[in-house]
Amino acid sequence: MFYLKLAQRNIRKSFKNFAPFLLATMMMFVLNFILASIALSPQLDKLGIKSVSVVLIIGQIILIPFSIGIEIYAYRFLLKKRSREFGLYDILGLGKAQIIVVALLELLFLLLATVTLGTISGVILSKFLFLVFIALIGGNYFNLTFSILSFTIPIIVALVAFILLAVIGTWTIHHHSSLSLLHSESQGEREPKSRGFLAFLGVLLLVVGYYMAITVKIGPMIVTTFAVAVLFVIVGTYLFYVAFTIWYLKRQKRGRRYYQPEKFITTNALLYRMKQNAIGLGNITILVTMAIVTLVTTVMLQTGLKQNMMVNMPFTTELSAMNTGDTHVGNVSEEQFKSILSQTEKKAQVSLKNGVQYVDYGTSMMVLPSGKHVTINHLTDNYNKAGIAVVQVVSRDTLIKLGNKLPKLAPNDVLIHNYSGHFNAETINWFGQLLRVKGQTTDVKNYPTQSSIGNSMMIVAQNNAQAEQLYQRIKFDANTIPRRTLIINLSKRDSKQVAKAFKAEGKSSVLPISTFAVDRFARLHEAQAYTGGFLFIGFTLGLTFIIGAALIIYYKQIAEGEQDKEAFRILQEVGLSKKEVSQTINSQIRLLFFMPIVVAIVHFAGAYMMVSKIINAFGITNKTLMLSVSGGVILLIAVLYYIIYKMTSRSYVNIVQRHV
Amino acid sequence: MLLEVNHLEKIFKTRFSKETTAALRDIDFSVEKSEYIAIMGESGSGKTTLLNILATLEHPTNGTVALNGNNITNIKANDLAKFRREHLGFVFQDFNLLDTLNVRDNIYLPLVLNRKPVQMMKERIGTLAPLLNISELLNKQPFELSGGQKQRVAIARALMTQPDLILGDEPTAALDSKNSDRLLNLFEQINDEGQTILMVTHSSVVASHAKRVLFIKDGMIYHQLYRAERSTSDFNKEINLAMGSVLGGN
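Here the protein sequences come in this chain order: X and Z. Position one of the first sequence corresponds to residue 1 (my numbering), numbered consecutively onward. Position one of the second sequence corresponds to residue 1 (my numbering), numbered consecutively onward.
Simulated from the structure, these hints should not be mistaken for laboratory data. Just to be clear, a hint being listed does not mean it is correct.
Stated by the list, open to error - Dumping the calculated DSS-like pairs for lysine-lysine here, alpha-carbon to alpha-carbon at most 25 Å:
no., chain 1, residue 1, chain 2, residue 2
1, X, K578, Z, K217
2, Z, K217, X, K565
3, X, K253, Z, K76
4, X, K565, Z, K82
5, Z, K116, X, K578
6, X, K507, X, K338
7, X, K492, X, K346
8, X, K5, X, K81
9, X, K250, Z, K116
10, X, K263, Z, K13
Claimed, not checked - Label-pair distances were calculated between CB atoms; the ranges are:
no., chain 1, residue 1, chain 2, residue 2, range
11, X, L149, Z, N78, 57 to 65 Å
12, Z, N133, X, L117, 51 to 59 Å
13, X, L636, Z, N139, 42 to 50 Å
14, X, L636, Z, S146, 38 to 46 Å
15, X, K13, Z, K82, 38 to 46 Å
16, Z, Y222, X, L117, 24 to 32 Å
17, Z, K82, X, I163, 52 to 60 Å
18, X, L164, Z, N133, 42 to 50 Å
19, Z, G44, X, L94, 31 to 39 Å
20, X, Y642, Z, S43, 34 to 42 Å
21, X, W247, Z, P117, 45 to 53 Å
22, X, K13, Z, K122, 44 to 52 Å
23, Z, K122, X, R76, 35 to 43 Å
24, Z, N78, X, R590, 17 to 25 Å
Even for Gly, the Cβ is constructed at its ideal location relative to N, Cα and C.
Starting from the given sequences, assemble the full structure and let the hints guide the process.
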């Protein structure tokens, strides 16, 4: 009972010492909680994005040792501050075993506080982010629910962390004499000996990680590769900071400008705590990188999918009809199509006069050989074949009608348009028909396209008859049945009416004809539900990571402020003015705080290929969009980071500055 | 006259009550160049407050302190630090060395803050290190030193700027008697070379090394003794006597 009271009293009396520790454990709890809630949300399955949940679980696996590491760092700092008190107990005759009991009881209280306060603030924070998101985007696209597991995971992580802390605490108290406990507050770190090796290892891990990230191929191994690359980069980052900081500071010490007040104090203060600094910087860097990657990915998905849709569906409404007769007797005739359209016009009370009509021959998968004179003579559906591409045949007449400017073509002349890939043959043996490639068209507008992951290209034939002929050469592929199509721009209401009427017309027709209608407004709405969910995940995680980084920065500031307090008191007594103190602090903080954001940007550059491949898997290939979204996100995070830096450095200055 | 203290008064107010405590009342004394003065008093006598005011770390409530004829009690807050590092040297009870700097850099610190050339630092440390017997320690870290070594390093740091006045706050308090003796002899030696020293102490042994002792009690100076040609042990006896009669101690 006595120990229980003592432990309770300790926490209450020196709450100033315990608060930062509690803040760190709580913050880690909240991070784990929010990540687990999203990763395990049944909503992810509903969105059909299981792969996202896998990535999030990897994120969780990274976060667990990371959060335990931070808690150990915080606890060791707390122990250092408290060891004087423990030493005093020892001298007063409390005995080490009893001191350990007190320390463990303190930890138990802190664990309880962490779980309770962590759960409460986790729920509040995620609900708050949810509301902010709805206010920003204007719709509820992700139903935030908490499962039992999303509570258990952070609790287990906290439990494991605290057991480790208990071991560390017991060991520290047990293995230190009372006197060293009394004095342990003022001891510097020894410089790691083999820093050349550390530097080498760090850079090696970074290079290998980057290499893996840049050269990764879409396939079943992508997630594993991704995880390993991330692991390498994380370890590499820590080593890099240790080695680089020491190298940089040693170089400063040799430099001519070392004996300038700012450099002199800063360099030594940083060198004094380089391992601690390195880990702090590493943690901040990794969180900032995670925030950038998450936000870029999700914002890209949101804007990219929408943009894709606008490109793929240049017109609001697309009506098409195909012959479903057993023998594929041919296309739906122009007359048949016209009669269906006029029926639709009547029913929907909307004019379709301004629409553009053409025959859509669909797409086929085939292998495109490289070289100047190539033969294409078979179709395939094996996605893993080299050179596989999606090919479509279009009549020049159709493209002209849609407002494209194209050169005149002779019979058997074609134009090639590469959506992606670099097909540049001069002649093509097209299933036995020799075609001459007249040239490449760089820009085709207003033609509805199917986006695809791999290479895709369009062959532009001389005219409708020629296009029909090219199609006939491959028509044994039953999957592509030509559709007579009309595309038109309508208002939202008209589009809906027309689509409905047109579909009904096909069903009621006595002819073997099926009708299809695509209403872009409806499609966009559906997509929004899907990408909105993504965006919410990215928004929440990105913000959580930033909050995590902010709290680490804050923690670092106050922890170091406490440590530097004595040094700055001495400096001010020896003759450093307030102004000079803040100059010194600023130059010290500047290096520490701008390095992580720079390194995080470099990390993101390394992850850029990987991120764009993931996004490509969703059919988003717009490179300029990717660049501008990345730029925007980095800018946003840099601004947030700067605000955090400004706010927290004030707390540091407040701690170290002498109040006369 | 190097230092003139006129009618110095310091009254502390507690934050939430109107009660006031006078730490110093009407302190008057002056110090000539090359003097070695000990200000002696029990704890609570006001000696530390006096030292803090001389060190410009605290402001007096009334009165003036003049160094070389310039009143230092109304130096602007922004210029205080500069004044301290240019005119004063400090030797503290707990040494106040920076853990982050090695011994050499700790000694360089005041000159670095004054933006003096490295050449000057090297020259001065070249004469001070042998004098203080710390040449072997220059590349060590403070935590590797004993208390006596730390205090000698602190003295070297105080002397680096060739200050007008060295202020000592119980400089031997954290030392054993052997190291304490060595340090006090060192102070005498430095003083013989012309350095003005003013320190506060509660120990008659420490005070007996000074050339003049001022006795302070309840914020006032009650008495003073000159050592003249007496040995330290004779002077010590007289100081103890004076403590007994004048201050009514023990």
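Hint check:
A distance of roughly 34 Å separates the Cα atoms of X/K578 and Z/K217; the hinted pair therefore is violated under the 25 Å criterion. Our distance criterion of 25 Å between C-alpha atoms is broken by Z/K217 and X/K565, whose separation comes to about 33 Å. Distance check on the hinted pair: X/K253 and Z/K76 sit about 34 Å apart at the alpha-carbon level, beyond 25 Å; violated. A hinted pair counts as satisfied when its Cα atoms are at most 25 Å apart, and X/K565 with Z/K82 qualifies at roughly 20 Å.
For the hint pairing Z/K116 with X/K578, the CA-to-CA distance comes to about 20 Å; that is within 25 Å, so the pair holds. With a C-alpha separation of about 16 Å, the suggested pairing of X/K507 with X/K338 holds against the 25 Å cut-off. Only pairs whose Cα atoms come within 25 Å are accepted, and X/K492 paired with X/K346 is accepted, the gap being roughly 18 Å. A threshold of 25 Å between alpha carbons decides the hint, and for X/K5 with X/K81 the separation of about 20 Å falls inside it, so the pair holds.
About 22 Å separates the Cα atoms of X/K250 and Z/K116, which keeps this hinted pair within 25 Å; it holds. In summary, the hint linking X/K263 to Z/K13 is not supported, as the alpha carbons are separated by about 40 Å, beyond the 25 Å threshold. One distance hint, 57 to 65 Å for the beta-carbon pair X/L149 and Z/N78, holds here, with the actual separation near 60 Å. Hint check: Z/N133 to X/L117, Cβ distance near 57 Å, so the stated range 51 to 59 Å holds.
A beta carbon spacing of about 48 Å between X/L636 and Z/N139 agrees with the range 42 to 50 Å that was offered as a hint. The hinted window of 38 to 46 Å between X/L636 and Z/S146 is violated, with their beta carbons roughly 55 Å apart. Distance hint for X/K13 and Z/K82: a CB-CB separation of about 40 Å, consistent with the stated range 38 to 46 Å. The hint said 24 to 32 Å for the Cβ distance between Z/Y222 and X/L117, and at roughly 59 Å that hint is violated.
For Z/K82 and X/I163, the Cβ-Cβ distance of about 54 Å falls inside the hinted range of 52 to 60 Å, so the restraint holds. Remark: the range hint 42 to 50 Å for X/L164 to Z/N133 is upheld by a beta-carbon distance near 48 Å. A hinted range of 31 to 39 Å holds for the C-beta pair Z/G44 and X/L94, which are about 32 Å apart. Judged by the Cβ atoms, the range 34 to 42 Å given for X/Y642 and Z/S43 is violated: they are separated by roughly 50 Å.
Checked against the hint of 45 to 53 Å, the pair X/W247 and Z/P117 fails, with Cβ atoms roughly 27 Å apart. Evaluation of the 44 to 52 Å hint for X/K13 and Z/K122 yields a pass: the beta carbon distance comes to about 50 Å. Checked against the hint of 35 to 43 Å, the pair Z/K122 and X/R76 passes, with Cβ atoms roughly 40 Å apart. The given range of 17 to 25 Å is respected by Z/N78 and X/R590, whose C-beta atoms sit roughly 23 Å from each other.
Hints 1, 2, 3, 10, 14, 16, 20, 21, counting from the list given before, are not met by this structure.
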